[in-house]
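K.L.:
Each chain is listed here by its residues.
2 protein chains.
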Amino acid sequence: MKFLFLIVFIYLLPQCTGKPLIRDDCHQHTFEEIKREIAGYSDIAKAIINLAVNGNAQNRSYERLANFVDTIGPRLSGSKNLEMAIKYMFRVLQEDGLENVHLEPVKVPHWERGEESAMMLAPRNHSIAILGLGSSVATPPEGITAEVLVVTSFDELHKRSQDAKGKIVVYNQPFVSYEETVKYRLLGAVEAGKVGAVASLIRSIASFSINSPHTGWQWYQSDVPKIPTACISVEDAEMMARMSSRGTRIVVTLKMGAKTYTDIVSFNTVAEIVGSKYPEQVVVVSGHLDSWDVGQGAMDDGGGAFISWEALSLIKDLGLRPKRTLRLVLWTAEEPGGVGAEQYYQLHKGNISNFDIVMESDSGTFMPMGLAFTGSDKARAILKEIMQLLQPINVTNIYENGGETDTDYWVRNGVPGASLRDDISKYFWFHHTQGDTMTVQDPSQMNLCAAVWTVVSYVIADIEEMLPR
Amino acid sequence: MKFLFLIVFIYLLPQCTGKPLIRDDCHQHTFEEIKREIAGYSDIAKAIINLAVNGNAQNRSYERLANFVDTIGPRLSGSKNLEMAIKYMFRVLQEDGLENVHLEPVKVPHWERGEESAMMLAPRNHSIAILGLGSSVATPPEGITAEVLVVTSFDELHKRSQDAKGKIVVYNQPFVSYEETVKYRLLGAVEAGKVGAVASLIRSIASFSINSPHTGWQWYQSDVPKIPTACISVEDAEMMARMSSRGTRIVVTLKMGAKTYTDIVSFNTVAEIVGSKYPEQVVVVSGHLDSWDVGQGAMDDGGGAFISWEALSLIKDLGLRPKRTLRLVLWTAEEPGGVGAEQYYQLHKGNISNFDIVMESDSGTFMPMGLAFTGSDKARAILKEIMQLLQPINVTNIYENGGETDTDYWVRNGVPGASLRDDISKYFWFHHTQGDTMTVQDPSQMNLCAAVWTVVSYVIADIEEMLPR
Numbered sequence: 001m002k003f004l005f006l007i008v009f010i011y012l013l014p015q016c017t018g019k020p021l022i023r024d025d026c027h028q029h030t031f032e033e034i035k036r037e038i039a040g041y042s043d044i045a046k047a048i049i050n051l052a053v054n055g056n057a058q059n060r061s062y063e064r065l066a067n068f069v070d071t072i073g074p075r076l077s078g079s080k081n082l083e084m085a086i087k088y089m090f091r092v093l094q095e096d097g098l099e100n101v102h103l104e105p106v107k108v109p110h111w112e113r114g115e116e117s118a119m120m121l122a123p124r125n126h127s128i129a130i131l132g133l134g135s136s137v138a139t140p141p142e143g144i145t146a147e148v149l150v151v152t153s154f155d156e157l158h159k160r161s162q163d164a165k166g167k168i169v170v171y172n173q174p175f176v177s178y179e180e181t182v183k184y185r186l187l188g189a190v191e192a193g194k195v196g197a198v199a200s201l202i203r204s205i206a207s208f209s210i211n212s213p214h215t216g217w218q219w220y221q222s223d224v225p226k227i228p229t230a231c232i233s234v235e236d237a238e239m240m241a242r243m244s245s246r247g248t249r250i251v252v253t254l255k256m257g258a259k260t261y262t263d264i265v266s267f268n269t270v271a272e273i274v275g276s277k278y279p280e281q282v283v284v285v286s287g288h289l290d291s292w293d294v295g296q297g298a299m300d301d302g303g304g305a306f307i308s309w310e311a312l313s314l315i316k317d318l319g320l321r322p323k324r325t326l327r328l329v330l331w332t333a334e335e336p337g338g339v340g341a342e343q344y345y346q347l348h349k350g351n352i353s354n355f356d357i358v359m360e361s362d363s364g365t366f367m368p369m370g371l372a373f374t375g376s377d378k379a380r381a382i383l384k385e386i387m388q389l390l391q392p393i394n395v396t397n398i399y400e401n402g403g404e405t406d407t408d409y410w411v412r413n414g415v416p417g418a419s420l421r422d423d424i425s426k427y428f429w430f431h432h433t434q435g436d437t438m439t440v441q442d443p444s445q446m447n448l449c450a451a452v453w454t455v456v457s458y459v460i461a462d463i464e465e466m467l468p469r
Numbered sequence: 001m002k003f004l005f006l007i008v009f010i011y012l013l014p015q016c017t018g019k020p021l022i023r024d025d026c027h028q029h030t031f032e033e034i035k036r037e038i039a040g041y042s043d044i045a046k047a048i049i050n051l052a053v054n055g056n057a058q059n060r061s062y063e064r065l066a067n068f069v070d071t072i073g074p075r076l077s078g079s080k081n082l083e084m085a086i087k088y089m090f091r092v093l094q095e096d097g098l099e100n101v102h103l104e105p106v107k108v109p110h111w112e113r114g115e116e117s118a119m120m121l122a123p124r125n126h127s128i129a130i131l132g133l134g135s136s137v138a139t140p141p142e143g144i145t146a147e148v149l150v151v152t153s154f155d156e157l158h159k160r161s162q163d164a165k166g167k168i169v170v171y172n173q174p175f176v177s178y179e180e181t182v183k184y185r186l187l188g189a190v191e192a193g194k195v196g197a198v199a200s201l202i203r204s205i206a207s208f209s210i211n212s213p214h215t216g217w218q219w220y221q222s223d224v225p226k227i228p229t230a231c232i233s234v235e236d237a238e239m240m241a242r243m244s245s246r247g248t249r250i251v252v253t254l255k256m257g258a259k260t261y262t263d264i265v266s267f268n269t270v271a272e273i274v275g276s277k278y279p280e281q282v283v284v285v286s287g288h289l290d291s292w293d294v295g296q297g298a299m300d301d302g303g304g305a306f307i308s309w310e311a312l313s314l315i316k317d318l319g320l321r322p323k324r325t326l327r328l329v330l331w332t333a334e335e336p337g338g339v340g341a342e343q344y345y346q347l348h349k350g351n352i353s354n355f356d357i358v359m360e361s362d363s364g365t366f367m368p369m370g371l372a373f374t375g376s377d378k379a380r381a382i383l384k385e386i387m388q389l390l391q392p393i394n395v396t397n398i399y400e401n402g403g404e405t406d407t408d409y410w411v412r413n414g415v416p417g418a419s420l421r422d423d424i425s426k427y428f429w430f431h432h433t434q435g436d437t438m439t440v441q442d443p444s445q446m447n448l449c450a451a452v453w454t455v456v457s458y459v460i461a462d463i464e465e466m467l468p469r
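Those protein sequence lines, which keep their order, are chains H and V.
Here this note's numbering is used: the first residue of the first sequence is 1, the next is one more, and so on.
Here this note's numbering is used: the first residue of the second sequence is 1, the next is one more, and so on.
Since the hints were derived computationally from the structure, they do not count as laboratory data.
Cβ coordinates follow ideal geometry from the N, Cα and C atoms, glycine included.
No incorrect hints appear here.
Covered stretches of chain V, going by a simulated chain H footprint (3 or more residues, C-beta under 8 Å):
#1 207 to 220
#2 428 to 434
To give a feel for the contact side, a few chain H residues facing chain V, derived at Cβ under 8 Å:
#3 G73
#4 S212
#5 M239
#6 W429
#7 T437
Here are the simulated distance ranges between beta carbons:
#8 H:R246 - V:E147: 47 to 57 Å
#9 H:G337 - V:Q94: 51 to 61 Å
#10 H:T248 - V:G114: 26 to 36 Å
#11 V:E147 - H:K316: 33 to 43 Å
#12 H:E112 - V:V224: 38 to 48 Å
#13 H:N401 - V:N401: 49 to 59 Å
#14 H:F154 - V:P279: 55 to 65 Å
#15 H:P392 - V:V251: 42 to 52 Å
Can you make the complete structure from the sequences, with help from the hints?
P.N.:
Next comes the structure, spelled out in structure tokens:
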């Protein structure tokens with residue numbers, strides 16, 4: 001396959017005005033052409049914005065999402081709910097008149113939390129709000145009762161490793177940023193297991209809390225004992241840290257009925273508007289359909305999935321058909337680590353040269369600010385022109401790092417990637433909690449996000465050349 | 001008793017420079033004197049502020065409160081925890097070297113929520129987060145299973161009263177303000193009971209939610225069937241409203257094991273710094289010691305109780321003794337409706353003429369803005385001068401309505417009343433929820449609140465004249 005790519009690559013190199021590459025020696029000319037070409041989409045961009053924000057499609061993505069999450073609820077990888085969600089989407093995408101609506105089977109993890117609870121027995125009885133972490137093992141049915149060791153960092157745990165044996169390690173690490181702090185959720189059980197702890201309770205990765213535990217996936221290592229692990233609220237972590245700093249002995253009983261079943265078949269859900277001129281070339285717009293098993297998965301990632309669907313609906317409603325194929329992919333099993341997306345990549349990477357751009361919205365659909373982008377300088381210059389079409393709603397910024405969990409497989413291999421950037425100031429208040437519901441979504445903000453998503457994906461799919469890599 | 005008061009009153013009228021009244025015909029002179037007198041407290045005010053904010057007492061009220069709420073937990077009227085809390089305070093107030101530390105017995109309600117749950121059965125299985133409302137009756141052990149009627153107001157309920165019979169009424173009223181909206185919590189069950197509903201679920205009285213139910217007291221009427229009633233989260237109320245607006249049939253099973261026991265003896269907790277010159281005259285600083293049975297009751301009203309204690313501690317630490325008695329009262333059973341405070345009033349109202357001012361902090365101890373005050377214009381003018389002493393920390397504002405639940409008995413009968421005003425923008429995010437914990441309290445803000453509380457109460461207790469009524 002690699003050999004064939006090389007031939008195609010060499011063949012295409014000299015094609016200054018052709019597709020898909022823009023060569024340096026003729027870039028100046030071509031870029032001016034592209035600028036003019038993009039400027040020509042001004043009326044279409046306005047029509048998209050108008051339809052999404054003020055027209056018949058106003059609030060449609062919000063209302064569709066509300067209907068979906070109210071009907072299905074949360075949709076964890078491996079669950080019946082996710083299966084129902086996929087069937088639901090398969091039906092409504094067909095009813096919407098989209099093309100090539102189909103499901104692509106993939107194997108996904110099946111973990112269930114079962115019954116779970118944590119009770120502080122000393123210094124006083126107190127019910128601790130917990131959410132077991134994805135892939136955690138269970139406790140014995142009678143639970144694990146042990147004294148608590150509170151630490152604020154892995155460093156402190158390592159320094160106090162002699163104290164950890166037989167204890168339940170409570171991590172009370174401060175929230176710095178999700179990227180920086182999530183290692184405690186991902187590796188807290190492994191690090192505690194290494195020093196002989198019997199369980200770990202991890203302060204939720206949250207920038208604000210109303211006694212809200214935040215779940216999420218975690219990783220074991222094959223050479224380290226697997227200990228049960230759950231997240232607790234910021235409040236309870238802080239309280240146990242205060243008690244511990246006073247020298248108070250804390251005893252907790254943790255019960256978790258979590259179970260990992262064998263992987264099961266799920267599906268990436270796909271729908272298209274087939275390209276008129278280069279149907280084999282694709283622009284991917286996407287979000288993931290699975291969610292955590294709490295709340296409604298409205299924000300993570302219902303919003304991203306439904307503005308992606310909305311992009312195709314708006315284009316169809318306007319009677320538009322881009323030159324390239326616009327492909328909606330609703331990834332399955334993102335939460336266990338981009339599982340559906342990885343298999344999609346393995347299945348389709350042979351066709352990587354035809355992937356123009358991969359777009360995923362998976363960081364909220366609040367007030368949009370622009371797009372994050374990964375790609376060549378030339379592609380970025382083109383995107384900058386396209387973003388000018390969003391002047392009417394003042395969403396023209398371009399940021400770094402356009403890959404998301406599901407699209408990174410492509411981006412790491414050279415395909416331009418874009419993700420939606422929006423006001424995430426409250427995102428980690430709700431992320432992976434019971435509070436991830438329609439209440440956090442705003443129809444006006446979703447309209448704007450859908451407009452951004454649609455203008456960008458449509459114009460990239462319709463301009464004569466693919467984005468240069 | 002009234003006759004005696006009248007004699008005292010007449011006797012005192014002509015005493016322009018005497019206590020406790022300032023008469024119009026000599027007010028000008030006296031007020032100038034008072035202004036000068038108050039200005040003379042500038043150094044003492046600075047010393048109080050310095051000790052509270054920067055000195056040895058820095059963060060003391062926060063740390064004392066943390067220790068208290070971490071040790072005791074929540075303290076509902078009638079509970080063992082409240083009993084332990086009172087014993088704890090009795091001990092630490094004595095250890096602090098305060099005077100006349102004693103408990104005054106009162107009868108308080110004893111209601112326990114027991115086990116409770118709500119499960120949506122149709123259109124899908126969904127566990128609804130609830131908190132039963134105080135004084136609610138139980139459901140039968142098997143629960144109440146019924147179709148839901150969602151309304152957004154009492155008006156809508158009355159218009160649809162024919163539909164309510166046999167239903168569980170869900171109120172999805174918008175949050176306007178606590179004062180405006182709390183009627184749905186207080187009277188929701190009565191109004192639903194009048195039209196034949198079998199239970200009521202009330203959207204929490206909350207300005208923000210992370211799926212957080214907010215409990216609170218509610219009132220039955222003797223001529224209306226008592227139906228079980230609980231609060232639900234904003235999120236679930238909105239979801240059921242959306243489902244209902246789509247014509248979706250909703251069925252819920254509500255189980256509540258709530259039980260009202262006979263009233264039991266509790267105590268208002270009192271400590272003093274006895275006045276040097278007019279010991280029979282009192283300035284009351286107060287907060288309530290009871291809380292709801294969720295979270296830690298750190299905000300409502302741990303903060304108010306502990307800055308009130310702090311006021312006495314700071315004055316004692318500075319070696320000060322005001323002319324009048326400074327009395328700390330930690331009310332019991334505020335949450336069921338100022339029950340401890342009412343009995344205190346009945347017991348002590350014979351002495352009302354000696355109550356100089358009643359101060360309660362029960363609206364948070366966040367960043368202080370000033371004091372709310374109820375009293376005569378002359379008293380307000382004096383308070384304005386006192387507030388100038390708080391210029392160093394820029395907390396000089398005076399607002400209206402200085403009564404709180406526990407002090408209103410006095411204020412309605414003519415005693416000047418003051419309450420702390422602070423930044424309550426997040427107060428109703430946490431109020432009566434599992435999120436009312438030390439995490440919402442800020443030591444620096446509590447230092448400032450304590451400084452305000454102390455300067456005002458000390459100066460009022462020490463100036464030559466009582467506040468004119």
